[in-house]
Amino acid sequence: METRSQIRARAFVKIWTAFVILAIYLPIICGALAGLSKGRYFGFPIRVFSTEWWGKTFASLEIQSLVQNSLLIAFIVTLVSVVFAFFGALAFARYDWRGRKLFQKAILLPVFFPQPVLGLALLLWFNALGINPSWQTAVVAHLVWIVPVVTLVIAIQVYSFDPTLEEAARDLGASRWFILREVTLPILWPGIWSGALFAFLLSWGNFPLSLYTAGVDSTIPKWLYSKMVAGYSPMVPALGTMSTLSAAAVLLVGGLAIALVRRRQADA
Amino acid sequence: MAAVTYTATAGERSLLPAIPAGLRAAAPVTLLLVLGFLAPLLTVAAYAFATPKSFDVFRSFTLANFSAVFDPSNTVWMSFAWSLAYAAATVALLAVIAYPIAYGLNRMFGKWSGLVGVLFVFPLFVSENVRLYGWVLFFIKNGVLDGGLKWLGFSGGPEVLYTPGAILFGMLYVYLPFMLFPMSLGIAMIPRDLVDAARDLGASRLMIWREIELPLAMPGILIGMLLTFVLGAGAIAESKILGGQSVITIAQDIEVAFTYAQNWPLGSALALLLVAIVSGLALYVLSKLDLDRILGKR
Amino acid sequence: MSLATISPTLPDTATKTDDAVLPATAPVLQLVGVRKIFGDFAAVDGINVDIKEGEFVTIVGPSGSGKTTLLRMLAGMESPSEGYITLRGELINDVPPDKRPTCLVFQSLALFPHKTVGENIEFPLKVRRMAAAERKARALELMRMVRLPEHYYAKNVMRCSGGEKQRVALARAFAYDPDVLFFDEPLSALDYKLKKVLEKELKDLHRESGKTFVYITHSLEEAMVMSDRVGVMSRGRLVQIGTPEEIYTKPATRFVAEFFGEVNSFEVRRDGQGGWILGDGQSITVAPTDEVIGDTATVIVRPETMRFVTGPSTAGNLITGRIYNEYSLGSRMQYQVHSGDRIYLVEAARAAVPGLSSGDSVTIGWDARDAIVVGG
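Residue numbers (the UniProt record's numbering), protein chains in the order written: chain A, 1 to 268; chain B, 1 to 298; chain C, 1 to 376.
The hints are simulated quantities; they were obtained by calculation from the structure and are not laboratory data.
These numbers come from a predicted model, not from an experiment.
Check each hint, because a few of them may be wrong.
Examples of chain B residues toward chain A, derived with CB under 7 Å [stated by the list, open to error]:
no., residue
1, L23
2, V29
3, L38
4, P40
5, N106
6, G110
7, G114
8, G117
9, R131
10, G134
Some chain B residues judged to face chain C by a derived CB distance under 8 Å, without partners named [as the list claims (entries may be wrong)]:
no., residue
11, A188
12, P191
13, D193
14, L206
15, M207
16, P215
Below, a list of computed lysine-lysine pairs in the DSS-like style, where the Cα atoms sit at most 27 Å apart [said to hold, decoys possible]:
no., chain 1, residue 1, chain 2, residue 2
17, A, K38, B, K150
18, B, K288, A, K227
19, B, K288, A, K105
20, A, K101, B, K111
21, A, K38, B, K141
22, C, K52, C, K250
Each residue gets a CB set at the ideal place from its N, CA and C atoms; glycine is no exception.
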């Protein structure tokens, strides 16, 4: 039943949410505008629109290598973190074992940790081991932060998993590997896909860890930062916008794929 | 739902003696955390006690780095104060900003809440420097705000860029999702029946909120507050991009010590102090919470 | 209706010691043509009922019959799409739950998990800003009433057993001191034995408090034990309402009869001479009925009114068949008897039927007065 004050509260929440969403996307729109202006220096209102800087960004060999680095890191991070996190999530949410509560809390610590400090600590550690920082060390750094996040994402799906299903399969004579393939994995697929999506996108957009642990190799966010500090050209917002749009496309395609998997599960 | 342990069959038992399935499943992640998280922190701890401006780790022991931090003639403590104050302000303001949205996501947006949620998640996948730089373009002289106002015939926008306030604004902007989503999970933990029952027993809106909703959503809210505090205390990009060095945060001091100054022991001591504050807080709050309940175990 | 009109104590139970001497009072709760429509689906489709002061009325129905929606409208959590709900003559269609002197005991009980037993019970008193000491005294009084030990006052409510939680929920509802209490199957999650105990306690509490109870459940058995009147709901409509006796002996429809338990039901048509015949032409004698019934109907015969016949019999209806299987019901036995393509259920006391077993040929009979004709 709706009273007048409830209607007012509802209106307030909706307007406030819309306002905050607008604020969230405003700078992204500003960046897109800056990347499309013809002038070397940004000024508003934009006098002449042009795709010149987009073209230059596409053509740049330097940027191609950045994209390759970012993609390579993101793919490896996704692959490794999903495998690690799948088992991690089972340990987190499925099995009852001594040390589970400790594990649950330990796994949160890297998430509850300032990333710049984590990056610097890793830099120190790699140095102590005599490893030269490069894109490979950046992969390790990303994993330390992303595996716990993906573990949590998959764990949420694992919580909704009824363990008696595995017991029933076992009772019907299935081997552990068979159960994993036929029962556990199919039910957890949506969670695993969501985890993979998170892993890819978080790695793709990560700045503080890459900044300190990638050494001489650069990623898109790292390069953008160096140009923001010194050497602005409209290629900076153009590349930033491209990176954002790619992330949006990945999210859209991945989200649709997950929705499809869920629907097929519901229909079957 | 009760978690169920596997009882290994006879064949497996001989191969894998007495290692519980949970421990085996936890092994890869645990190994990663030991090598990629614990070991670096121990290295930092070791460097913190080495001779200043040297690389004599494990071969020297001194507290000189810490006394340098607390030396009043040094301004490092100012960075600490700024960072913690920023973090505290971020937590307080974000709690107020995010609560109505988290409430709406659970109780008001209905079928739209999925889409609204995605709109708030997406910025997490865009690196913060890109988003913060968008604000630079918005606030800068002749930027979107200033230029737009002039175009409309006003005298131009206020000069907010490169001020301490801009840093706080940037932190609110970047860390909003980290407050919003745990808070939303917390609010999702309030059974609808309890709110209906309280109302049925005559409670006013305010009383329901104070007596029922807030206490029951508290675990989620606390996690959000903890997360934003920790991230805020270690913030660096906001002050570099929006703050223009008007305030030096502690993470920046650590960075300088590790890079330009090549004073790893001092940087380590600073990092260790920050970690001590942050992890002390994190462990304290986490020890109060039951993660099974928050993440959906019934 | 303002909360101020509600006295903070239980009404004097002495005013209602014997139902028989109560004058016919105006209904405390009156429903006229109440409908609730979700989209193009009528969850509640035209309910008319008067509930008298101090009555214990139970609404039974299968899941999806609309009984929960009806209750939520009575409690104020939904408003009716059509019709009127009045409480003591005042229209309360759109009065929110916190403004009506009624209280709902939820199926989930909706106890506040972060509060103690005492704090739960005191919640409505705190709402009314009663002083702490007074609140505690009242809570302890209510705990005595629902038979909770005093030391439970400071106990975490989530540490209580299922039965104890029921009592806390009841005490909390009574603390609100409502005119009418609503119950949404609060006993459904309990084991059978505890349920039986609490059913009787609830009925005792009803008698002692003199309050009006409206209870919904899908268990007719539960309804029979406790209620003054039982209403049977199906597809959003109230099919029949009456005393448990009436519902049992004079079911208005086949649905009501079958909802009550296992029955033998036969589809019949008129034989043209005032009697009824089965599909295969066999005539069947039935109890006289006042109801206006069309050319086809259903005859209901309860298994416990059927009997095995050995010698000559006064039974109005006789069928021969073969026992297919037998089921023990404790003190009674039930037999499945096949005759042609028809299946009959016969129930008898264990001692009354010596030596019958599967495969035996038997004759079963029942009296005309036990064969109830219902429409539909």
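So, going through the hints one by one against the coordinates:
| no. | hint | in the structure |
| --- | --- | --- |
| 1 | L23 | holds, 6 Å |
| 2 | V29 | holds, 4 Å |
| 3 | L38 | violated, 9 Å |
| 4 | P40 | holds, 4 Å |
| 5 | N106 | violated, 11 Å |
| 6 | G110 | violated, 11 Å |
| 7 | G114 | violated, 10 Å |
| 8 | G117 | violated, 11 Å |
| 9 | R131 | holds, 5 Å |
| 10 | G134 | holds, 2 Å |
| 11 | A188 | violated, 15 Å |
| 12 | P191 | holds, 7 Å |
| 13 | D193 | holds, 4 Å |
| 14 | L206 | violated, 11 Å |
| 15 | M207 | holds, 6 Å |
| 16 | P215 | holds, 5 Å |
| 17 | A:K38 x B:K150 | holds, 20 Å |
| 18 | B:K288 x A:K227 | violated, 44 Å |
| 19 | B:K288 x A:K105 | holds, 11 Å |
| 20 | A:K101 x B:K111 | violated, 35 Å |
| 21 | A:K38 x B:K141 | holds, 18 Å |
| 22 | C:K52 x C:K250 | holds, 22 Å |
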